[in-house]
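Start from chain A and add chains B, C and D according to the hints.
Chains as they are written, first to last, in the working numbering: chain A, 1 to 393; chain B, 1 to 393; chain C, 1 to 393; chain D, 1 to 393.
Bear in mind the hints are in silico, worked out from the structure with no lab data behind them.
Some hints here could point you the wrong way.
[What the hints assert, rightly or not] The list that follows gives simulated cross-link-like pairs (lysine to aspartate or glutamate, DMTMM-like), each with its CA atoms no further than 20 Å apart:
#  : chain 1 : residue 1 : chain 2 : residue 2
1  : A       : K380      : D       : E281
2  : B       : K380      : C       : E281
3  : C       : K380      : B       : E281
4  : B       : K350      : C       : E34
5  : A       : K380      : B       : E34
6  : A       : K39       : A       : E112
7  : A       : K350      : D       : E103
8  : C       : K380      : D       : E281
9  : C       : K350      : B       : E34
10 : D       : K350      : A       : D201
11 : C       : K380      : D       : E34
12 : D       : K380      : A       : E281
13 : C       : K350      : B       : D201
14 : A       : K350      : D       : E34
15 : B       : K350      : C       : D201
16 : A       : K380      : B       : E260
17 : D       : K380      : C       : E281
18 : B       : K380      : A       : E112
19 : B       : K380      : A       : E260
20 : D       : K380      : C       : E260
4 protein chains.
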Amino acid sequence: MQPRLEPKQQAVLAQVREISQTKLASRAAIIDREAIHPKESWRDLWEAGFLATGIPKAYGGLELGPLTYLTVVEEIAKVCANTAMTVHMHSMVTRMIAAIGTETQKAKYFSEVVKNGKLFGSWGSEPGVSITSGGFRTTLTKQDADSYVVHGQKYFCTMAGAASYAMIWCTFAGAPPNTPAMTWIVIPTDSPGLQIHGTWDPLGMRGTISPSARIAACSVTQEQILGKIGDMGVYQLGVLELFMMGWAAICAGIAEGALEYACNPSPENGGTAKPMLNLQEPIKQASIGEAVVALDSARAFLYQAATAWETADPGVRRLWGTEAKASCSQAALLTTNRLLELIGGRAALKEFPLERAFRDVRTATLMPPPLATMFETVGKSLQVKPGVQSIRL
Amino acid sequence: MQPRLEPKQQAVLAQVREISQTKLASRAAIIDREAIHPKESWRDLWEAGFLATGIPKAYGGLELGPLTYLTVVEEIAKVCANTAMTVHMHSMVTRMIAAIGTETQKAKYFSEVVKNGKLFGSWGSEPGVSITSGGFRTTLTKQDADSYVVHGQKYFCTMAGAASYAMIWCTFAGAPPNTPAMTWIVIPTDSPGLQIHGTWDPLGMRGTISPSARIAACSVTQEQILGKIGDMGVYQLGVLELFMMGWAAICAGIAEGALEYACNPSPENGGTAKPMLNLQEPIKQASIGEAVVALDSARAFLYQAATAWETADPGVRRLWGTEAKASCSQAALLTTNRLLELIGGRAALKEFPLERAFRDVRTATLMPPPLATMFETVGKSLQVKPGVQSIRL
Amino acid sequence: MQPRLEPKQQAVLAQVREISQTKLASRAAIIDREAIHPKESWRDLWEAGFLATGIPKAYGGLELGPLTYLTVVEEIAKVCANTAMTVHMHSMVTRMIAAIGTETQKAKYFSEVVKNGKLFGSWGSEPGVSITSGGFRTTLTKQDADSYVVHGQKYFCTMAGAASYAMIWCTFAGAPPNTPAMTWIVIPTDSPGLQIHGTWDPLGMRGTISPSARIAACSVTQEQILGKIGDMGVYQLGVLELFMMGWAAICAGIAEGALEYACNPSPENGGTAKPMLNLQEPIKQASIGEAVVALDSARAFLYQAATAWETADPGVRRLWGTEAKASCSQAALLTTNRLLELIGGRAALKEFPLERAFRDVRTATLMPPPLATMFETVGKSLQVKPGVQSIRL
Amino acid sequence: MQPRLEPKQQAVLAQVREISQTKLASRAAIIDREAIHPKESWRDLWEAGFLATGIPKAYGGLELGPLTYLTVVEEIAKVCANTAMTVHMHSMVTRMIAAIGTETQKAKYFSEVVKNGKLFGSWGSEPGVSITSGGFRTTLTKQDADSYVVHGQKYFCTMAGAASYAMIWCTFAGAPPNTPAMTWIVIPTDSPGLQIHGTWDPLGMRGTISPSARIAACSVTQEQILGKIGDMGVYQLGVLELFMMGWAAICAGIAEGALEYACNPSPENGGTAKPMLNLQEPIKQASIGEAVVALDSARAFLYQAATAWETADPGVRRLWGTEAKASCSQAALLTTNRLLELIGGRAALKEFPLERAFRDVRTATLMPPPLATMFETVGKSLQVKPGVQSIRL
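Isolated chain A (complex conformation) (with noise of 0.2 Å):
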């Protein structure tokens, strides 16, 4: 079931819809197979405005509304899920910038990425430490007024190479206890100081080419500071939580377009002659049917958060987004392993797509949290204090 959109909502789907199959589709397959970054599709979507969803109309970009947006990254991912990925962290650091960034930021940034189609990263991981557990051991030091250096080391730096600037999440140094002391750094990734390092050979998500980086004595000036040092207001804003919907969108559209390319093959999604998936007998139907129902249920509970996003308060959307990735990665996980245990042998060829959403699914949902720990938040909100409406009830 699709989503309720307006006519010009449509009309930005449509668009991104035309470019992912008649540009992007035909060359998943090699972004996939040599793990290179998709700079052609990400030169068609710029051209488009696509790299500018999050970004205010007064500087040029699209500012897409959440549900539009989810739907283009959606729509993105049926066709190749590594740009789909790339350009969904890409925007979610435009929208960072447009939430707590400064005047002279946005103007910079913004037209960096309007102008030249210049992406960013968004670099979290530690060893141990993820963007939703936090406590990163990367610091930032103050050296004199206006002068701060940062030391560090991270994992699954996506686009390192291609990323012109990458958003930094570190802890600052001089923080009196007790204190927030996390914030966001934007640096160009050539920097002296960054150094990108190991190698990059995975399941899936080949092509969002994600090695490690040591980041020592990288010196950062106050303008690459987003937002005021340790103001956790940035949590109140309900935009690292639409991190987890975009990737609840994401794993949807790939199992989406698995399914329209097994059971209704077409020139425009590249299918073969026949369906690959022949669902004459019972047992096959019910087979793929459990999984359909599985994830039209979690698609239409991510297009509702969507929908009523805006108006609902910061621990809503945390809850909201936290359901919404465990939802549609248990959905994408069961279609594409029913997709390949109905078709059998021939779906694990590479030749055929198949193979490459079933693994760029497992692989996607890797990212954390993990399901153990999203069902754990879940629990969580339900019970609380006598006279305390609970979040979710």
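Just chains B, C and D now, kept in the frame of chain A:
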């Protein structure tokens, strides 16, 4: 996540919630234990107009749209599944009359409901036959110009002994071969020839009182036939599909009510001073959280389908009704099972309502079609002939 | 797949099967409906020696090994879960006495069983405490040289009103700090100070009659204490772990009995002329087949563990008991749920035994520890310190 | 839980474990990465006699019974699924020859294996046809007294380019109607007319090198035909059913190997200094514990069936093979998925073996029949005509 309701719809929901909590809730246990009709609860709902949710305003009814109607049923089910199920069945008959009845029929039957609080049963099931499978052996035979006679046997005759009228699903004997012969007649339950027999002692949904009936040469006049004999146009009206949506809402409601009682007891939900489910341990949080994610996704699908219901074509409504019933059934079973498992032996004692919720969900989800068949229906919808757009994708 | 039994073991199994089918089966429904003790069934089993399966031959018992014992319990559970559960609990107490009782205790108590058919309950549960969690608040306090007094409160006192003796799980008040203080005492159930109270009206396992009890200053002599106070050596004997194996066998047995009744009815299993589950459609075959695969795998584990039981060390037995209970619980729940779903509404009527099997499995599987905790125990067993061989791998 | 093995069987297992850990393990990654034949591993196994496990002692083979054979295959799969799968397929052909071959065939082919380390492939799959479905379109046609010709097309020709001989599953063209026409022939893989084509680039099991083959007018003599044409007696021998048991053992082995590596790394399993799966948190313990319970139950069934294999009748073996494959497939999928989820993104990197275990299990479980079909087979076995004892119950 609550569905998006207009202020007017919210007022309706608030009113039924008030009645449910202050009047219906405290009777639910005895209705179940003694397997008796929820007569006082029907009366309370009737007085507030809730036996007329499917009756047009022109005839004194509430004429609720699908979304509001389903949230009303869900709300009642939170406290008394038996009341919700019987009211839903009654309401579906009134919607059938509204859709295909003559002016005379509407005037007569709607007045009986609005003024006198009369109830309508819908008796479809036969040995090996159900309202979703069709092919009834109960037969309507023409005697002369305006006179018919009906013979047959019905299972699961809900509200037997309390409904004043029953809509009987039958086959017209004189139809030419290969012609649809399905028809619906409305008969007073005290008609000579109609005889209730058999006992009613089931696992759950015990207050729906659904024994078997024999119909032996029961006389029927033209005025008792709904619509034109064999006119399957009713399947284009989407009324029948709303049956499944209501069952979905009832399952979701029972599970929601159980969850609320177990986690956040209050005087309103009849709860104990201390929550029966103590959610301090992470594995308990994660275990119930998994069920909540499933339940919220299923409800989101239900609400999204209900919102788009009236502009959707009949085939799509059938698919949506199937998906909603499948998804809400699974989620409600998971939720009530997890509550029992996490609370332990005490949850199985009849002094608390969780045991009843568990039995009611397990029994309500046995209403046809079964899960495997619903999944089959959904799977079948995926594949269309080349050039034909699937109703789902 | 049946376990591999020697001819002697097969004869024992054939005998209990004969008694179960010809005598126990026909009483099972009323025991459940009325929530009464299975007194006649106990008598029949006693006459054939089956109340003495855990009593050494030297004392007139059958002294069955673990595998034969568990198949006996499983066989009884196929026709009457209540009889199986109470006999299992009684048998576990006799095994405790055999393991740690004095000669005097053995002579006295075993004679009561063998000659007089007396029954022993095992009362452990307290609010928030269970035999698997430990930490009982029921307290044994020394009065003088040979005199003690016990105080406390017990939940789920199985066979209350029918067992002649109860083994009480309690804590010795005078134990030095950090010393194990757990102890077991055997008291006549008509002891002054022991008072059964509360009602017993649960979902299933209704013939186990397990209300609450208050123990107020109940006098105890040295001869009533089993083993040495605080001697946890009993945990090295593997008797307590056999509790869980028996629960596993009971769940498997109920599910097997239900499956047999539904698919292959016969006069022996009280079946109807036509199978309630008609297995003509592939999706029905596949749906029940999935449950059967789970059930057969769980039973294979149970039998394999039982076969190797006596030479395994206590830690391994604990792991096996946990795995067997977890696996058989899941499989029995899946099997009884699938039977209901595939048969439909008729399966929920109390005139057929499937509804009872469903309730009994759901209730029996609520005995602690819950699934999530069992999985935790198994997961914990996987990782050992470097150089230490895991008990599993 | 390990199966119960005699000392002699244990010695065989210890020997293959030694070879696996010291020789096979370190080659597994490159075999997968490059999709190359495990030639050196075959040679090591051959030198120790493990290419002759299915060859009678009279011909110089090990003549292992089913239980020992399956534990050998499982042990190899713990370190290299590709070696295990190819050796299993080869061994099945030698068992077919032992069961229905002539003396001349045995002398010739067994000597090739024992003395020269030659390998045998088994090529059954065709578009839409598999060894479990039958109905091959590859056709054997008689030319004259001792001369035949074979035509056809085969998919998934495992060990193409490395096996010296291939057993081809085909249909005898001259069979009278309604007569079984299935037959097996052994042809040298360098026969004129046999042409390997197509590529081999799959998700997992990449070292099995299974491209397609065309067989165009390939000459065959009487001596190359195994057994009597159309003599379906081979289905009474239980050899074919052992195929499924071996696939089950391979899935279980891969999962066991992955579990050991992740939780208890050691130099033997190539493990890292610190376990990749840190099992400190209860929800992680519970999550992996659930998989372990499934895996241990599935393995218990496999061992129990293997132990009773030789005295079971063919229909029972077919059922057991189906149940074992279904249960071990499910458990291995659950285990490898949980390992990835609980470890997170690092588990998806190719520098660790878990990613490969995951792909190998997902691919191996696509070998026919699929899960839904296996469940259907098991469900079908439950119901027999009155008076006929079900092979299961």
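Consistency of the hints with the structure:
1. Using a Cα cut-off of 20 Å, the hinted pair K380/A and E281/D holds, with the two alpha carbons roughly 16 Å apart.
2. About 16 Å separates the Cα atoms of K380/B and E281/C, which keeps this hinted pair within 20 Å; it holds.
3. Restraint check for K380/C and E281/B: satisfied, since their Cα atoms lie roughly 16 Å apart, inside the 20 Å limit.
4. Restraint check: the Cα-Cα separation between K350/B and E34/C comes to about 14 Å, which is no more than 20 Å; the hinted pair holds.
5. The suggested pairing of K380/A with E34/B is violated, with an alpha-carbon distance near 37 Å, which exceeds 20 Å.
6. For the hint pairing K39/A with E112/A, the CA-to-CA distance comes to about 16 Å; that is within 20 Å, so the pair holds.
7. The hinted pair formed by K350/A and E103/D fails the criterion: a straight-line CA distance of about 44 Å is larger than 20 Å.
8. Annotation: proposed proximity of K380/C to E281/D holds, straight-line Cα distance about 9 Å (limit 20 Å).
9. For the suggested pair K350/C and E34/B, the alpha carbons sit about 14 Å apart, so the restraint of at most 20 Å is met.
10. As the CA atoms of K350/D and D201/A are separated by approximately 6 Å, the hinted pair is consistent with the 20 Å bound.
11. Simply put, K380/C and E34/D have alpha-carbon atoms about 37 Å apart, too far for the 20 Å limit, and the pair is violated.
12. With a C-alpha separation of about 16 Å, the suggested pairing of K380/D with E281/A holds against the 20 Å cut-off.
13. Taking the CA atoms of K350/C and D201/B, the gap is near 6 Å; set against the 20 Å cutoff, the hint holds.
14. Between K350/A and E34/D, the direct Cα distance comes to roughly 14 Å. Compliance with the 20 Å bound is thereby established for this hinted pair.
15. Distance check on the hinted pair: K350/B and D201/C sit about 6 Å apart at the alpha-carbon level, within 20 Å; holds.
16. Proximity of K380/A to E260/B is assessed by CA-CA distance (about 14 Å); at most 20 Å being required, the pair is judged to hold.
17. In summary, the hint linking K380/D to E281/C is supported, as the alpha carbons are separated by about 9 Å, within the 20 Å threshold.
18. For the suggested pair K380/B and E112/A, the alpha carbons sit about 49 Å apart, so the restraint of at most 20 Å is broken.
19. Of the pairs offered as hints, the one joining K380/B and E260/A holds, with about 14 Å between alpha carbons and a cut-off of 20 Å not exceeded.
20. For the suggested pair K380/D and E260/C, the alpha carbons sit about 14 Å apart, so the restraint of at most 20 Å is met.
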